[in-house]
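**Q** Required output: the full structure, derived from the provided sequences and hints.
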Amino acid sequence: MAEKSRLSPRRFTFMQLMELDACTRCGECITWCPTYNEKTDLDAITPLQKIETTRRALDRHYSLLGKLFGRRTLTNESEQEMLQVHSEGTYDCTLCGRCAVVCPVHIDTRALWISMRETLVDQGIYPQAMDHMREMVTTHYNISGDANDDRLIWSQNLPEIPAGVGKKTKAEMVYFVGCVASFYPQSYKIPQSMVTIMEQADLDYLTLGGEEWCCGFPLIIAGMEDEAVEIIRHNVEAVRKTEAKRLMTSCPSCYHVWKHEYPHIIGEPLGFEVLHSTELLAEIIAAGKLAFRSLNETVTYHDPCDLGRTSGIYAAPRQVIQAIPGVNFVEMKDHHEYSLCCGGGGDVEMSDKELSAAVAKRRIQQAAETEAKYLVSACQQCVRTLAGAARREKIRIRTVDIVELVARTLAT
Amino acid sequence: MTEQSAELVFWIVHLPLMILFLVGMWFTFARWMNGQVPGQQEERWSQKLATIVRILLRTIFSARLVSLIKNFIVEAWFNRRLYRNSFWRWLNHFLLLSGLMLLFTLSGLSALSDKVLIHFFHLEYVPWIGMWVNPDHPVTAILNETGATLMTIGMIFFIIRRYITHPEQLRTGPMDTWMVVGITLILLSGWTAEIVRLNSSEVHQATAHLSFVGYPLSRLVQGLPLPWDDLTHWMYVIHGILTSAVIVTIPFSKFMHAIAGAIVLIVRGMEEEVAHG
Numbered sequence: 009m010a011e012k013s014r015l016s017p018r019r020f021t022f023m024q025l026m027e028l029d030a031c032t033r034c035g036e037c038i039t040w041c042p043t044y045n046e047k048t049d050l051d052a053i054t055p056l057q058k059i060e061t062t063r064r065a066l067d068r069h070y071s072l073l074g075k076l077f078g079r080r081t082l083t084n085e086s087e088q089e090m091l092q093v094h095s096e097g098t099y100d101c102t103l104c105g106r107c108a109v110v111c112p113v114h115i116d117t118r119a120l121w122i123s124m125r126e127t128l129v130d131q132g133i134y135p136q137a138m139d140h141m142r143e144m145v146t147t148h149y150n151i152s153g154d155a156n157d158d159r160l161i162w163s164q165n166l167p168e169i170p171a172g173v174g175k176k177t178k179a180e181m182v183y184f185v186g187c188v189a190s191f192y193p194q195s196y197k198i199p200q201s202m203v204t205i206m207e208q209a210d211l212d213y214l215t216l217g218g219e220e221w222c223c224g225f226p227l228i229i230a231g232m233e234d235e236a237v238e239i240i241r242h243n244v245e246a247v248r249k250t251e252a253k254r255l256m257t258s259c260p261s262c263y264h265v266w267k268h269e270y271p272h273i274i275g276e277p278l279g280f281e282v283l284h285s286t287e288l289l290a291e292i293i294a295a296g297k298l299a300f301r302s303l304n305e306t307v308t309y310h311d312p313c314d315l316g317r318t319s320g321i322y323a324a325p326r327q328v329i330q331a332i333p334g335v336n337f338v339e340m341k342d343h344h345e346y347s348l349c350c351g352g353g354g355d356v357e358m359s360d361k362e363l364s365a366a367v368a369k370r371r372i373q374q375a376a377e378t379e380a381k382y383l384v385s386a387c388q389q390c391v392r393t394l395a396g397a398a399r400r401e402k403i404r405i406r407t408v409d410i411v412e413l414v415a416r417t418l419a420t
Numbered sequence: 002m003t004e005q006s007a008e009l010v011f012w013i014v015h016l017p018l019m020i021l022f023l024v025g026m027w028f029t030f031a032r033w034m035n036g037q038v039p040g041q042q043e044e045r046w047s048q049k050l051a052t053i054v055r056i057l058l059r060t061i062f063s064a065r066l067v068s069l070i071k072n073f074i075v076e077a078w079f080n081r082r083l084y085r086n087s088f089w090r091w092l093n094h095f096l097l098l099s100g101l102m103l104l105f106t107l108s109g110l111s112a113l114s115d116k117v118l119i120h121f122f123h124l125e126y127v128p129w130i131g132m133w134v135n136p137d138h139p140v141t142a143i144l145n146e147t148g149a150t151l152m153t154i155g156m157i158f159f160i161i162r163r164y165i166t167h168p169e170q171l172r173t174g175p176m177d178t179w180m181v182v183g184i185t186l187i188l189l190s191g192w193t194a195e196i197v198r199l200n201s202s203e204v205h206q207a208t209a210h211l212s213f214v215g216y217p218l219s220r221l222v223q224g225l226p227l228p229w230d231d232l233t234h235w236m237y238v239i240h241g242i243l244t245s246a247v248i249v250t251i252p253f254s255k256f257m258h259a260i261a262g263a264i265v266l267i268v269r270g271m272e273e274e275v276a277h278g
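As given, the protein sequences belong to chains A and B, one line each in that order.
When we follow our numbering, the leftmost residue of the first sequence carries the number 9, and every step to the right adds one.
When we follow our numbering, the leftmost residue of the second sequence carries the number 2, and every step to the right adds one.
It cannot be assumed that every hint is accurate.
[What the hints assert, rightly or not] Far from chain B, some chain A residues (derived; all Cβ distances over 12 Å):
1) Arg18
2) Glu85
3) Leu91
4) Val109
5) Asn165
6) Pro170
7) Ala179
8) Gln194
9) Glu245
10) Glu269
11) Ala290
12) Gly296
13) Tyr322
14) Ala323
15) Thr378
16) Ala395
[Stated by the list, open to error] Computed cross-link-like contacts, SDA-like style, restricted to lysine to any residue with a CA-CA straight-line distance of at most 20 Å:
17) A:Lys75 to B:Ile20
18) A:Lys75 to B:Thr250
19) A:Lys75 to B:Met26
20) A:Lys381 to A:Asp342
21) B:Lys116 to B:Leu16
22) A:Lys75 to B:Ala31
23) A:Lys267 to B:Val275
24) A:Lys75 to B:Trp27
25) A:Lys75 to B:Asn35
26) A:Lys267 to A:His242
27) A:Lys341 to A:Gln330
28) A:Lys253 to A:Asn304
29) A:Lys253 to A:Gly279
30) A:Lys341 to A:Glu379
31) A:Lys381 to A:Arg370
32) B:Lys49 to B:Phe30
33) A:Lys75 to B:Phe28
34) A:Lys267 to B:Phe28
35) A:Lys267 to B:Leu58
36) A:Lys178 to A:His242
Hints were generated in silico from the structure; no laboratory data involved.
Note that the Cβ used here is the ideal one computed from N, Cα and C, for glycine as well.
**A** Here you go:
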C-alpha cells in the first residue's frame, strides 16, 4: 500500500516533469477551461490545480524538501485523498487542449493530462467506467461490445453495396470507419455518405470489416496505452496487407492516433499516408471530381478538438463547406484553435454525462447565436453530442457531419 | 566595521546558501530525469543524461543555435502568447523580466570584472572592465537604475493584479506570496543600499544624479543623522544576503518557473519551427 500510494514520475517525459515546474499559476487556463466553467465547485478540474497536485505529490517523494519533510506535510492517507480528488478532476477533463493554446509557457497540457491519467491507472485511482470500456475494446475490439464482424452493418441500408465495402482485399486506399460510425445507428449516415462520395469520385478504396479493430484512442486517452499496443499492431498489419498507399478516416480521434501516435507506439513509420475525410474531400473537390447542387443556407462549422487543436486541420473542412454553391458560411464566437469543446471528448461522457451535456449546451448556444440552419462538424462524436444538446435545448439547427452535408448536396 | 569585514560576512552567508541552491537544483534536475527522454528506451540515468547532453550539444554547435537564441528572445523574453492574451499582463511580466535580466547581467559583469579580471589579471585600467565595478560610472549607474526601475514598476503591477484587482482565475497560495515577498525584499534592500551609497562621501557628486531614481530619493533623507559611510557597506551586504536567500529558494518555489518556463518556451518554439518547416 505504501508503495502504491507513491505517485511515480516514470509515466511522464523529462519535458513534462519540467512543465510541472514551468507553470506560473497565472490562471489563464482556468478562464478557457470548458469543463471547469460548468463545474466550478471542482477546482481539481482546472489545469492549474492538476499540475499543482501532481507536482505536490511528486515533490513529496522526489524533491529535497519532500525527502526531508514530505511525510510531515502530507501523510499517506492525505495523499490518497488528494489523489482521489485529482483523479476526479483529471477524468472530468475533455482533453480538448484549449488550455494549451492559451498557456503563456506553452505547456503541452493535453499530453500532460494523459500522462497523469496513466499514473492514476497505475495507482488504481480511476473511474470504474473505464474498466468497462477497456473490457469492450480488448475483448470485442470495439467500444460498443458488439460482435466485431458486424462492422459493416451500416452498409445494409445502401441501395447497392459497393465493391469497396467488404468485397476487396487490395486497394489504393483503406477507409477506416471507426467504432462509433460502425456500431451506433445515429452515425451510420457518415460511412454511408462517405462511400457514396467515394463512388461518385471513382476512388479505389476498401474497408477492413471485422479486421478493423478499435483504433485504441479510448484506451490511450484513458491512460491505458499499454493495453492498446496489441490492437494497434493488429490494425497496422491489417492495413499493410491491403498494400494501400493511403488510409482515410472520417473520425478525428482515429485520425489523430493513426497519424500522430501509431508511429511512436510501433516505433517505425507506417508506410502509408494517413488522411482525414475532410482532407480527402478538399482534394477531390479541388480535382473537380465532385459536382454540387446549391444549398442556399447559412452554415456554421464546429472544429473537433482532435482534428483542429490536436492535429492542426482547420482549413480543409472550411474549404469543403465553402465549395458548396450558395452556402453562407459563418463562424461561431469561438473557432479555430479557440473553438469550444462539444463536451464529448476525453471519455468524460463515460464518467460524467451531466458535465458532458453542460459543455455541449454552451456550444450549441454559440451555434444558435449564428442563426445558422446547419451546424456542421467533422466528427461523429461531436455531431452526436451537439445534436443531443440541440434536442434538449429545443434549438432548431440541423447538426450534420461534413460528409453527410457533401453527400446531400451532390449533383447526381 | 570595515568594507572587508562586511564582505567577509557576505561570503560566510552567501556560500552555504549557494551550495544549498545547487543541491536543490540537483534534486530538481534528478526529478526531471525520472521521466522518459525522447528516443531513449533505457531507464538508466547515465543513458538519459547522455541523450540530453547530446541533444544540447547538437543544438549549440549547429545552425539551430540561431533558432535557440531567436526563441529565447521571442518566446521566453517577449512572450508573444502572453502579449496576445493580455497587454497589461504582458507589460507587467516584460518589465519584471527585463529588469531582472538586466540586473542579473550587470551583477555577473561586475563579479567577473572584480573577482577575475581585476583580482587575477589586474585589468582595472581597461575602461570597459573597470566600469562594471564602479557604480558611479555613467553606463553602470544608468543601467543599474533602469533595471531596478523596470523591476519595481513590474512588481507594483504584479502586486496590484494579484492582491487588489485579483481577477477571478487567479489562485494565490503561499508560493505566490513568497515570490512577491522575495522580490520586494530584494528591491527594497537594493534601493535602500543605493540611497545610502548616494549619501556617502564615496560618491562622485558629478555623476550621482545619473541614478535618476535613487538620487532624488537620497536627497530626501540626506539630512538624517546617520553614519552613511559605514551603512553603505552593510546595506550592500544585507542586499546581497537577501538576494542569496531568495536565490536559494528557486528550486523549491514558484521562482523555478523562470528557469523551467524559459526552457519549455525555447524548446516548444524550436519544435514549432521544425513542424512548420
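**Q** So, for every hint listed, does it hold in this structure?
**A** Hints, one by one, checked against the model:
1. Arg18: Not fine: 6 Å to the nearest Cβ puts A:Arg18 too close to chain B.
2. Glu85: For A:Glu85, whose nearest Cβ neighbour in chain B is about 22 Å away, the distance exceeds 12 Å, so it holds.
3. Leu91: holds, 18 Å
4. Val109: Nearest chain B Cβ is 9 Å from A:Val109, so the label is violated.
5. Asn165: holds, 41 Å
6. Pro170: holds, 37 Å
7. Ala179: Holds, because the least Cβ-Cβ distance between A:Ala179 and chain B comes to about 31 Å, which exceeds 12 Å.
8. Gln194: holds, 36 Å
9. Glu245: Holds, because the least Cβ-Cβ distance between A:Glu245 and chain B comes to about 22 Å, which exceeds 12 Å.
10. Glu269: holds, 14 Å
11. Ala290: holds, 20 Å
12. Gly296: holds, 28 Å
13. Tyr322: Its Cβ never comes within 12 Å of chain B, the nearest being 14 Å, so this holds.
14. Ala323: holds, 14 Å
15. Thr378: Consistent with the label, A:Thr378 stays out of reach of chain B, its closest Cβ about 24 Å off (over 12 Å).
16. Ala395: holds, 32 Å
17. A:Lys75 to B:Ile20: OK: A:Lys75 and B:Ile20 at ~18 Å, within 20 Å.
18. A:Lys75 to B:Thr250: holds, 16 Å
19. A:Lys75 to B:Met26: Roughly 14 Å between the alpha carbons, so the hint for A:Lys75 and B:Met26 holds.
20. A:Lys381 to A:Asp342: holds, 18 Å
21. B:Lys116 to B:Leu16: Distance of about 15 Å is within 20 Å: holds.
22. A:Lys75 to B:Ala31: holds, 13 Å
23. A:Lys267 to B:Val275: Holds. A:Lys267 to B:Val275 sits at ~17 Å (cutoff 20 Å).
24. A:Lys75 to B:Trp27: OK: A:Lys75 and B:Trp27 at ~13 Å, within 20 Å.
25. A:Lys75 to B:Asn35: holds, 15 Å
26. A:Lys267 to A:His242: Roughly 16 Å separates the two Cα atoms, so the pair holds.
27. A:Lys341 to A:Gln330: holds, 19 Å
28. A:Lys253 to A:Asn304: violated, 37 Å
29. A:Lys253 to A:Gly279: Holds - the C-alpha atoms of A:Gly279 and A:Lys253 are around 8 Å apart, at most 20 Å.
30. A:Lys341 to A:Glu379: Holds: A:Lys341 and A:Glu379 sit about 12 Å apart, inside 20 Å.
31. A:Lys381 to A:Arg370: OK: A:Lys381 and A:Arg370 at ~18 Å, within 20 Å.
32. B:Lys49 to B:Phe30: Since the Cα atoms of B:Lys49 and B:Phe30 sit roughly 12 Å apart, the hinted pair holds (cutoff 20 Å).
33. A:Lys75 to B:Phe28: holds, 10 Å
34. A:Lys267 to B:Phe28: Since the Cα atoms of A:Lys267 and B:Phe28 sit roughly 37 Å apart, the hinted pair is violated (cutoff 20 Å).
35. A:Lys267 to B:Leu58: violated, 30 Å
36. A:Lys178 to A:His242: The given pair, whose Cα atoms are some 17 Å apart, holds under the 20 Å limit.
When each numbered hint is compared with the structure, violations occur for hints 1, 4, 28, 34, 35.
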